Amino acid sequence: MTLQTLQVLRVLLDEPVSEHYGLKISENSGLPTGSIYPILTRLETAGWVTSAWEDIDESAEGRRARRYYQLTDEGAESARREIEKAQQRLTRDFRPGPGRLNPGGAFA
Amino acid sequence: VTPRAVAPASRAARMLICVALWFLPAACQARYRREWLAELEEMEHENVAPVLPAIRILLGAPSVGRTLRVSAQQRRGLGEQVAAVSTYDAYMTYSHAGDQQLAAELHKDLMRLAKPWYRSRSMRVFRDSADIAASPNLWASVEGALKSSRWLVLLASRGAANSSWVAQEVNCWLKKKRPDRILIVLTDGDIVWDPVAGDFNWALTTALPTALQGAFSNEPHWVDIRHVRHDPSTLTRHDATATLAATIRGVPKDEIFGEDLRQHRRLKRIVGALIAAVVLLTVQWVVIAILIMNQVGVR
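Protein sequence lines, in the order shown, are assigned to chains X and Z.
Using my numbering, the final residue of the first sequence is 200, and nothing's skipped along the way.
Using my numbering, the final residue of the second sequence is 330, and nothing's skipped along the way.
In case anyone wonders, no lab produced these hints; they're calculated from the structure.
Check each hint, because a few of them may be wrong.
Claimed, not checked - Computed Cβ-Cβ distance ranges for the label pairs, DEER-style: (1) X/Asp165 with Z/Ala307: 52 to 58 Å; (2) Z/Ser179 with X/Gly139: 52 to 58 Å; (3) X/Asp147 with Z/Glu174: 31 to 37 Å.
Stated by the list, open to error - These stretches of chain X come out as covered by chain Z in the derived footprint (C-beta under 8 Å, 3 or more residues): (4) 120-126; (5) 130-142; (6) 157-165.
Small disclaimer: the values here were computed from a predicted structure and weren't measured.
Glycine included, C-beta positions come from ideal geometry on N, C-alpha and C.
All chains should be modelled from the sequences, with the hints used to inform the complete structure.
Here is the structure:
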């Protein structure tokens, strides 16, 4: 799983009931706008995410309806697992050891 | 949406989105067009230039298209059981005595509206005289088609109200499917809803079969095309057809009209290009022929 996918999952997982749409997910995940659709499509076709049109009167709101994305129960479970795995990998890879650079900057 | 409320995305960004949509399966293009344009417009509202995000969308579009196609193939591969669930988008029931011509016109229009030039139809609509070709077991074919349709389009008329065939089809639908998946198209007679009783006023309603008695808890919407009954050919690209097509395909009506216009323009461009190519080739061959004849004459 790519880092970008994990970033998107993190955003969706942080606020599971919030209304997430393309632009907001991009902003919150720090990914460039317009670049997240391949990720969202993969997650949706895999059943991790569902999406639905916002139910608004476009004329009254003065903007078009957004497409909201939400993690499914299974998707949320899998996302948590993937993020934990990634965190464990990071901890393992950057654990201070002989000859490795410590966070402080000094060699052990 | 009013033009003032939503500023149009820049022309270049819109063009990039149009190109990006070419990478997607036809069935998904409407959804992504709406979503991507909404995003660009929102960015414009926030004074963010939409061209760069549109380029990113374009760069990601092949991947989106690939994912959607693979997913569709996997769904198709789930076996006959799943594949047979929705063979038809809609089933059309009507009085053969009164609405034969109108039904044929509506059927043709629904399948033609917003149809891409390279496909034979935009949706599958079952109409019995068109689809049951001398079937030895007529009712079995009808029942099979009803079961595999997502919507029932009922052409409501005095004839349909008295038709035992229409009543049988409506009864069959109500046994297997949801009443809110019935689309009523009024072609003749009257439909009157009684809000107190929460049902049609059957003393005044003359266009519906009594099989629908108590079927709806809320007033259903119906499309009134009584005014075109005398000349069904005027249904072409009619608002009523677009309303039905939009409901069946689950997209806004303006999108249906917009898509239809786009497909029409695209077809015109292709025909124009083909004519230009034929004319160019003809001119080229004529010039070559003249040159050869001149050479022969010189010798």
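Handout entry: Indices of hints not satisfied (ascending)
Key = 2
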